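**Student:** The primary structure of each chain is shown beneath.
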Amino acid sequence: MFSAFTSSIFFLAALTLWMIGAIGSLAFMKNDQRANLWGNFFAIFGAVAGLISSFLVLVFGSAFSFNIPSSLHLLSLSFNVDKLSGFFIFAISLISLFTSIYALGYVKHYYKKYNIGTLGFFYNIFLAGMVIVSSASSILFFLIVWEIMSLASYFLVIFEHKERSNIQAGSLYFIMTHIGTAFITLAFLLLYHATGTLDFEIIKSNIGAVKPLTKNIVFILALIGFGTKAGIIPFHIWLPSAHPAAPSHVSALMSGVMIKTGIYMLIRIFMDIMADAPLWWGVVILLIGAISSLLGVLYALTEHDIKKVLAYSSIENIGIILLGLGSSLIFWSMNMKPFAILGLTAALFHTLNHAVFKSLLFMGAGAVISEMHTRNMEEYGGLIKYMPQTAFFFLLGSMSISALPPFNGFFSEWLIFQSLFKGISGSDISVCWAFMLAAGSLAFTGGLAAMCFVNVFGATFLARPRSPEVYHAKESNVTLRIGMFALAALTLVIGITAGTVTNILSGVANDLAIFRSSPPAYYSTPLTVGLKNNFASISMPFIFISLVLVSAIIFFIVFLFTRKRKIKFGTTWDCGTTLSPRMEITATGFANSIIAIFRGVLKPTKQVSIKYRDENMRYFPKTETVKLGTKDIYRGYFYRPLHIFTIKVSEYVKRIQSGNINMYILYILLTLIAILLIVAV
Amino acid sequence: MSIIFILQVILVPAISPLCIGIVKKIKAKLQNRTGASIFQPYKDLWKLFHKDEVISEDASWIFKFAPYLIFSVTIILGASIPLFSTIFSDNLLSDLLVVVYFIALLTFFLALAGIDVGSAFGGLGSSREMTLAALTEGGLIFSMLALAFSAKSTNLFTIAATISSLSFFSFAPIILAFGAFVITMLAETSRFPFDNPATHLELTMIHEAMILEYSGKRLALIEWAAANKFLIFLALGANLFFPWGISLSANLADVPLALILFLVKILILSIFVAVLESSIAKFRFFRLPDLLFTSFILSIIAICLII
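Going down the list, the sequences are from chains A and B. Heads up, the first sequence is in the numbering used here, so the first residue is 1 and it goes up one at a time. Heads up, the second sequence is in the numbering used here, so the first residue is 1001 and it goes up one at a time.
Isolated chain A (complex conformation) (with noise of 0.2 Å):
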């Protein structure tokens, strides 16, 4: 009890310290250095309170919950930190804490252009936001938290507001995450008529009386609200303008924590709240996941913005954490309760990697960015040797991105596949065909993954520069890359140690009442990792050091036996010609033949305007510009008709709109006493 006790203590010392941050920067608004250290100091603090006790939440199990009674009647402040919300706090808790680090450095080049006081306001107010959206329970407040998380991110995005782009981005998030909440609270709505009560906790109970239809009807609310959130095809078309737009250590939160926030709520109302979900549910979302990790990945492909390309990858990974909440799902259902918990802990450990190493490229991407004053790609070039270290690390992201041993997103994709491959063998042929789409799409999206970030990588930081300004880059602030180093080694140290994570995974997973005394289906010592039915086994320390320990013995032998070899520098052949940044390949080429074999889903567009020297004798063009993008399906075939409708609706609606106060005045007198019926029935 003691332990709960300080774990509680040290979260509300959290919020305190992001309140006095936020409050203080604004303080400072009129001082841009002060604010900007202010501001993040609070956010670090707050970070290392987040952390201790979303930790003790973890490994202790000191779980908590409080309430703080409010004057209105159906608010209630009240805070539930079990388990899987600590799972989620330690996130936030863990990116936010290098993020701020990061911010230190990064936020010196607003200085003088905008208002730092306000970036570390929302700011705080957004870490704050998210860590409480994970622990309230109750309908309202939660509501109203998870409104003032948008909000608050929503000001970050537009924070760069000199650029007409920036706005318009943040006009679209605000419009698809409202859209989004008025599904969650209709969602919502449809409990608390059902079961009578805001509570989370008395709702879970009372879930028996539920009809099914209600459930159901639940379900898609809950899903296509909290999908928005989570950026799941085809709700996703906010996500890849919107993370951008914000600056660099924002989009790396937003990317690698706020729309884990969806996934959170997903997994707290399907397998927390209302149990006994049926087989449908669980088939839907691993539909959804098989779309959305291979869509994601093969738009990142078609992106030459960095941070789009990172945006777009984001979408992917929802989409294979999906895959093991939908496989846990499906598995629970037909009551195979260990595999269940196998397919959550895969779907939890990929949303820990993904925050890591999202944020790291993010990070890095920001980095650069600070640097070349572009998010084109094509742009970059050679940069591996004008900031050496932010190359390696974002290296190391790319790598575990691309689920590459030894890293960490190696080992989550290990365990998805797991599941996936139990969901083929193990279910019966009414579900075995989801599972096979499933795996088949996650075995296409690892692979395209390492192209999209050898692709990254390559434009980036290899080859020669592709425009002067690389020229003039330097190794980034030193805050900066203690932000990046630290993430960079965790994905490393993460999967050298998933035994060890998988572990405290499992416990999460088994204090979700359903899973509750009942063992997983696999053994996780901190060395090997494997099913219990003997099906796969796995070392992460082994693999790293057995990497190591061979690349080391074949570098020292073949050192032994050429060491007096001479190594010469030339250029590179080049044909006879003199070799220009133009010869090399860019990010487009780079992607151009997997978009031409992908051609009938990413519908790539080609718009070729020329220019003249003489209009009427047209043989000697003067300039001719090639646009290559790709049609945005979605705007096309599901907003736009979607949007052609509600306009044709409202057309009908306005016949309404007289102007005569008379008219208006019969409509208040027809609806009382509509009104007045219904009540009287």
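These are calculated hints, taken from the structure and not from any lab test. Since the structure is predicted, the reported quantities are computational estimates derived from the model, not experimental observations. There's no promise every hint is true.
[Stated by the list, open to error] Quick list of in silico lysine-lysine cross-link-like pairs, BS3-like style, CA-CA up to 25 Å:
hint	chain 1	residue 1	chain 2	residue 2
1	B	1064	A	568
2	A	564	B	1064
3	A	566	B	1025
4	A	568	B	1043
5	B	1064	A	385
6	B	1029	A	566
7	A	627	A	308
8	A	603	A	631
9	A	204	A	337
10	B	1051	A	564
Dock chain B against chain A, hints included.
**Tutor:** Structure of chain B alone, referenced to chain A:
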């Protein structure tokens, strides 16, 4: 046991150049040439290790480091797949997915090294290589997965041991999976109809384009690693799909026979590859995905038949 393990580790790098030599010799014979000796690849490696190196000024540490990593990965892979004995089933690296993703690691660094020097060829080669690698992964995982389901384990040694005890009549789906595997094998090892290992023509080369800037000892390592990779895929094909004759016990006396059988199987597969290369033309690049998807579909059919 330890002698067998040492043999297991050095077998792949020791005989992989020979495989390449044999394939080249057969191809030469089929083209009515005499061809170089089957030991020529060893001499080439020896020669390259004795040469000085020229490295591009544009190259970063990735270009210099990649050959060592790539070669090391092939050594690790060679030690963690079944060659002539199945006794290493407690080997912690012989999981199917670990092997596949080690191959991905290798391709990843090869592609980065190709881009690194900034030549027009390297980047294009990397782009093509990654395109093919991305599309191959599905077929590669699924073709071996079919066997894993029938062996109820993804450990490659266990798969070999289990398949070797299967009755002859349960082999129909395994043949399908083998067809799928062969397609991915040709893609991964840069063979016809995916790539021409003998070409240096801008329009067609894939693997050769990436390693164009290498010379001296690093080229030797890359060439040797490519040979290792070829042998690894042959060994996977031979021992997972047709594991008869593989030694199931730790008994040293069984090893010579198992070794000879292994070499015979590798020889047969080498001949198969050489004949295939001599009898079909290289496909147009954009027809290759069809082939790779075929491999994926074949594996799925195999899996459906097995589960």
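**Student:** Next, verify each hint and record whether it holds.
**Tutor:** Here's how the hints hold up against the structure:
As the CA atoms of residue 1064 of chain B and residue 568 of chain A are separated by approximately 13 Å, the hinted pair is consistent with the 25 Å bound. Only pairs whose Cα atoms come within 25 Å are accepted, and residue 564 of chain A paired with residue 1064 of chain B is accepted, the gap being roughly 17 Å. Proximity of residue 566 of chain A to residue 1025 of chain B is assessed by CA-CA distance (about 33 Å); at most 25 Å being required, the pair is judged violated. Restraint check for residue 568 of chain A and residue 1043 of chain B: satisfied, since their Cα atoms lie roughly 23 Å apart, inside the 25 Å limit.
Using a Cα cut-off of 25 Å, the hinted pair residue 1064 of chain B and residue 385 of chain A holds, with the two alpha carbons roughly 14 Å apart. A C-alpha spacing of about 38 Å is found between residue 1029 of chain B and residue 566 of chain A, which places the hinted pair above 25 Å, so the restraint is violated. Proposed proximity of residue 627 of chain A and residue 308 of chain A is supported: the alpha carbons are some 17 Å apart, at most 25 Å. Pair hint residue 603 of chain A plus residue 631 of chain A holds up; C-alpha atoms about 5 Å apart against a cutoff of 25 Å.
Of the supplied pair hints, the one linking residue 204 of chain A and residue 337 of chain A holds, its CA atoms being roughly 20 Å apart against a limit of 25 Å. Pair hint residue 1051 of chain B plus residue 564 of chain A holds up; C-alpha atoms about 10 Å apart against a cutoff of 25 Å.
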